[in-house]
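Asks: Chain residues, written in single-letter form:
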Amino acid sequence: MRLTRKGAWMILAIALGLVVGSVVGLRKFHSFHGLMRTMSVHDRVTIVVQGWAGLSPRPSDKQELEVIWAQSGLQFEFFPYAAQDLTSKLKTEFRDSKTTVLKFTDIYASTNTNAKIKTVKDLATAVRQNYTPE
Amino acid sequence: MNSSRSLFRPCLIAVAALALAVLFGTPALRADTPAPCTVSDYKVAAPTLVAVLCDEDDVSDLVGTGKLYDWPGSLNTPLPADIRVTPYPEAIQWLILELKPLASSAPFSLQLGKKYKVVLALHRSTEALAPDVAPTTFDLEMTNTVPMGAALSLSEQGKWEFVSHLAYKSGPEGPCTLQVEDFNGMTESLKAGGCRVAAAIPDTKKVTSAADLARLVDTPENLGSFELVLDSNKATQQLPFAVPGLLDIFGQPVKIDSKSQIVPEKAPASKDSSSYYVNLNYAAGKGSKPGWVLDGKIAPVIGELVHGYQVMPTATVDVGQNQVSNLKYADTINFGLSFGHMYKPNKVLQGLLFRPGVAYESDKEFDRHNLLATPGSKRPDLRHPRKTTNRHQQ
Numbered sequence: 001m002r003l004t005r006k007g008a009w010m011i012l013a014i015a016l017g018l019v020v021g022s023v024v025g026l027r028k029f030h031s032f033h034g035l036m037r038t039m040s041v042h043d044r045v046t047i048v049v050q051g052w053a054g055l056s057p058r059p060s061d062k063q064e065l066e067v068i069w070a071q072s073g074l075q076f077e078f079f080p081y082a083a084q085d086l087t088s089k090l091k092t093e094f095r096d097s098k099t100t101v102l103k104f105t106d107i108y109a110s111t112n113t114n115a116k117i118k119t120v121k122d123l124a125t126a127v128r129q130n131y132t133p134e
Numbered sequence: 001m002n003s004s005r006s007l008f009r010p011c012l013i014a015v016a017a018l019a020l021a022v023l024f025g026t027p028a029l030r031a032d033t034p035a036p037c038t039v040s041d042y043k044v045a046a047p048t049l050v051a052v053l054c055d056e057d058d059v060s061d062l063v064g065t066g067k068l069y070d071w072p073g074s075l076n077t078p079l080p081a082d083i084r085v086t087p088y089p090e091a092i093q094w095l096i097l098e099l100k101p102l103a104s105s106a107p108f109s110l111q112l113g114k115k116y117k118v119v120l121a122l123h124r125s126t127e128a129l130a131p132d133v134a135p136t137t138f139d140l141e142m143t144n145t146v147p148m149g150a151a152l153s154l155s156e157q158g159k160w161e162f163v164s165h166l167a168y169k170s171g172p173e174g175p176c177t178l179q180v181e182d183f184n185g186m187t188e189s190l191k192a193g194g195c196r197v198a199a200a201i202p203d204t205k206k207v208t209s210a211a212d213l214a215r216l217v218d219t220p221e222n223l224g225s226f227e228l229v230l231d232s233n234k235a236t237q238q239l240p241f242a243v244p245g246l247l248d249i250f251g252q253p254v255k256i257d258s259k260s261q262i263v264p265e266k267a268p269a270s271k272d273s274s275s276y277y278v279n280l281n282y283a284a285g286k287g288s289k290p291g292w293v294l295d296g297k298i299a300p301v302i303g304e305l306v307h308g309y310q311v312m313p314t315a316t317v318d319v320g321q322n323q324v325s326n327l328k329y330a331d332t333i334n335f336g337l338s339f340g341h342m343y344k345p346n347k348v349l350q351g352l353l354f355r356p357g358v359a360y361e362s363d364k365e366f367d368r369h370n371l372l373a374t375p376g377s378k379r380p381d382l383r384h385p386r387k388t389t390n391r392h393q394q
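Protein sequences appear in the order of chains Z and U.
Read in order, the letters of the first sequence are residues 1 to 134 in this note's numbering.
Read in order, the letters of the second sequence are residues 1 to 394 in this note's numbering.
Rather than coming from a laboratory, the hints here were simulated on the basis of the structure.
A hint or two may mislead.
[Stated by the list, open to error] If you want the ones that stay clear, here's a sample from chain Z, every Cβ over 10 Å from chain U, calculated:
hint : residue
1    : Gly-7
2    : Ser-22
3    : Val-23
4    : Val-24
5    : Leu-74
6    : Glu-93
7    : Ser-97
8    : Ile-117
[Said to hold, decoys possible] Covered stretches of chain Z (in silico footprint by chain U; criterion: 3 or more residues with CB under 8 Å from a CB of chain U, positions within the stretch not fixed):
hint : region
9    : 41 to 53
10   : 56 to 62
11   : 86 to 92
12   : 103 to 115
13   : 127 to 134
[What the hints assert, rightly or not] Straight-line C-alpha distance at most 27 Å; calculated DSSO-like pairs for lysine-lysine:
hint : chain 1 : residue 1 : chain 2 : residue 2
14   : U       : Lys-271   : Z       : Lys-116
15   : U       : Lys-169   : Z       : Lys-62
16   : U       : Lys-266   : Z       : Lys-116
17   : Z       : Lys-89    : U       : Lys-347
18   : Z       : Lys-91    : U       : Lys-347
19   : U       : Lys-344   : U       : Lys-328
20   : Z       : Lys-98    : U       : Lys-191
What you are looking at is a predicted structure, and each value in this text was computed from that prediction instead of being measured.
All C-beta atoms, glycine included, are put in the ideal place defined by N, C-alpha and C.
Starting from the given sequences, assemble the full structure and let the hints guide the process.
Replies: Put into structure tokens, the structure is as follows:
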């Protein structure tokens with residue numbers, strides 16, 4: 001049985017698809033492997049803050065969010081815009097929560113002095129207090 | 001001059017002696033490698049199992065052993081138990097201490113009401129214990145008297161948390177009561193809802209290892225946490241003293257720290273930090289025309305973030321009539337609506353702030369009409385790009 005040109009192209013396309021799919025799949029699996037592990041609320045919050053501010057080392061518990069943002073290099077106002085962005089990221093991370101884990105107005109800033117969430121630890125505590133997984 | 005010379009020589013000798021002592025002296029004077037874990041919190045999950053939170057970013061590769069001492073007391077005679085330290089499988093800042101009785105001694109467990117000193121020798125699981133590493137020490141207090149603290153979120157009005165170093169065995173779920181007393185000693189039961197123990201340990205005998213604990217609770221930070229939401233937040237100046245049904249791991253009722261007090265939230269400190277602000281001044285007197293000045297603001301946050309956008313309407317007034325001493329007004333009434341969202345597209349264009357808004361401005365008589373559009377957008381200063389390389393923490 002002779003292989004037609006169309007058939008050869010199809011086999012080539014399928015083989016190429018399989019190779020690309022495997023590479024992408026392996027990369028995905030590799031990158032998600034670390035996230036497969038269940039992490040504490042505190043660890044998850046710290047990682048979100050790290051990504052939000054574009055930091056290489058994990059922020060420490062005592063670091064203030066407003067200071068972290070100032071060090072991040074983006075010169076947008078911390079409150080409300082960066083605080084909203086952080087809240088949005090936390091909302092995505094804890095999307096399985098039945099209740100809202102945080103409102104951006106809860107985050108302390110020099111222009112929002114009523115709020116109590118000042119440091120990374122405060123943020124992790126607040127999220128832990130509000131997080132109710134389904 | 002002579003006196004400075006006479007001081008110089010003994011100082012020089014002292015510095016030289018100190019340098020020699022540091023280089024060749026006793027181990028006590030040699031600089032130790034700092035302890036790999038600085039304990040910032042601990043949770044007693046069972047009488048033989050303690051979870052320890054380290055300040056360090058990641059202690060998931062630390063293991064070790066340790067000793068327990070009665071405290072205050074001497075560090076010469078350890079209690080008859082060995083401590084085995086393992087990382088907590090689910091949280092990289094936590095370690096688990098398993099207490100095992102020494103061979104040929106009676107079973108050992110931590111006692112309620114006592115204080116201990118814990119001394120740990122920790123090392124990475126891939127390395128041997130180095131002799132110059134400082135031990136990790138901390139005080140372990142087995143008290144079931146807990147403080148009552150307000151929740152950190154302002155949006156959670158009336159929510160309180162009781163955080164204990166001891167895990168809770170059980171507690172009321174859903175509706176519950178908080179017993180309080182006033183300064184006259186009169187007791188009262190306040191109704192509360194949303195009562196829950198975040199992670200209860202109903203049977204401590206089943207929790208003897210890190211794996212046992214990990215099966216039971218997601219994270220040790222949830223141990224010893226009880227929350228409730230008071231139905232009414234009016235019970236100010238009252239001292240809470242008990243939550244009926246809340247028991248520690250020893251089955252004892254939990255006591256509430258007498259320093260805890262239900263205090264109302266403070267009002268915003270300034271107009272800028274207020275969502276609602278009214279300042280009305282009125283002055284009148286015989287033989288003069290009355291004057292008034294109204295300075296007000298309404299700027300509530302409506303709803304929640306939707307795809308990162310938050311709608312923020314504002315209404316401000318700064319109007320008046322005649323003159324009131326030392327007060328000026330701009331005679332403007334302003335209604336506006338704005339929303340903003342920050343995008344982080346890529347590493348080149350690191351951020352983009354999109355904040356459109358519209359405002360209508362008038363005066364007290366509404367005979368001036370200005371419609372102001374604020375098509376705001378902003379990108380970061382690319383001359384000072386965001387650093388994404390390693391940055392050392394201070």
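Asks: Would you mind marking each hint as holding or not holding in the structure?
Replies: Hints, one by one, checked against the model:
The Cβ of Z/Gly-7 sits about 42 Å from the closest Cβ of chain U, beyond the 10 Å cut-off, so the non-interface label holds. No Cβ of chain U comes within 10 Å of the Cβ of Z/Ser-22; the nearest lies about 27 Å off, and the non-interface call holds. Chain U leaves Z/Val-23 outside its interface by the beta-carbon criterion, the shortest separation being 23 Å against a cut-off of 10 Å. Every CB of chain U lies more than 10 Å from the CB of Z/Val-24, the least distance being 20 Å, so the non-interface label holds.
For Z/Leu-74, the shortest C-beta to C-beta distance to chain U comes to about 5 Å, within the 10 Å cut-off, and the non-interface label is violated. The claim that Z/Glu-93 lies off the interface holds: its Cβ sits roughly 13 Å from the closest Cβ of chain U, which is beyond the 10 Å cut-off. Separation of Z/Ser-97 from chain U is adequate, the least Cβ-Cβ distance of about 12 Å exceeding the 10 Å criterion. For Z/Ile-117, the requirement that its beta carbon stay farther than 10 Å from each beta carbon of chain U is not met, with the minimum near 5 Å.
Only residues whose C-beta sits within less than 8 Å of a C-beta in chain U count toward coverage, and the region 41 to 53 of chain Z has 3 of them, enough to reach three; the restraint holds. Requiring three or more residues with a Cβ within less than 8 Å of a Cβ of chain U, the coverage given for the region 56 to 62 of chain Z holds, as 6 such residues are present. Counting residues of the region 86 to 92 of chain Z whose CB lies closer than 8 Å to any CB of chain U gives 3, so the stated coverage by that chain holds, three being the minimum. Look at the region 103 to 115 of chain Z against chain U: 9 of its residues bring a Cβ nearer than 8 Å to a Cβ of that chain, three or more, so the hint holds.
For the region 127 to 134 of chain Z, the assignment as covered by chain U holds, since 3 residues bring a beta-carbon within under 8 Å of that chain's beta-carbons and 3 suffice. A distance of roughly 18 Å separates the Cα atoms of U/Lys-271 and Z/Lys-116; the hinted pair therefore holds under the 27 Å criterion. For the proposed pair U/Lys-169 and Z/Lys-62, the alpha carbon gap of about 31 Å is over 27 Å, so the pair is violated. Restraint check for U/Lys-266 and Z/Lys-116: satisfied, since their Cα atoms lie roughly 11 Å apart, inside the 27 Å limit.
Distance check on the hinted pair: Z/Lys-89 and U/Lys-347 sit about 18 Å apart at the alpha-carbon level, within 27 Å; holds. Taking the CA atoms of Z/Lys-91 and U/Lys-347, the gap is near 23 Å; set against the 27 Å cutoff, the hint holds. In summary, the hint linking U/Lys-344 to U/Lys-328 is not supported, as the alpha carbons are separated by about 43 Å, beyond the 27 Å threshold. With a C-alpha separation of about 23 Å, the suggested pairing of Z/Lys-98 with U/Lys-191 holds against the 27 Å cut-off.
When held up to the earlier numbered hints, the structure conflicts with 5, 8, 15, 19 and fits the remainder.
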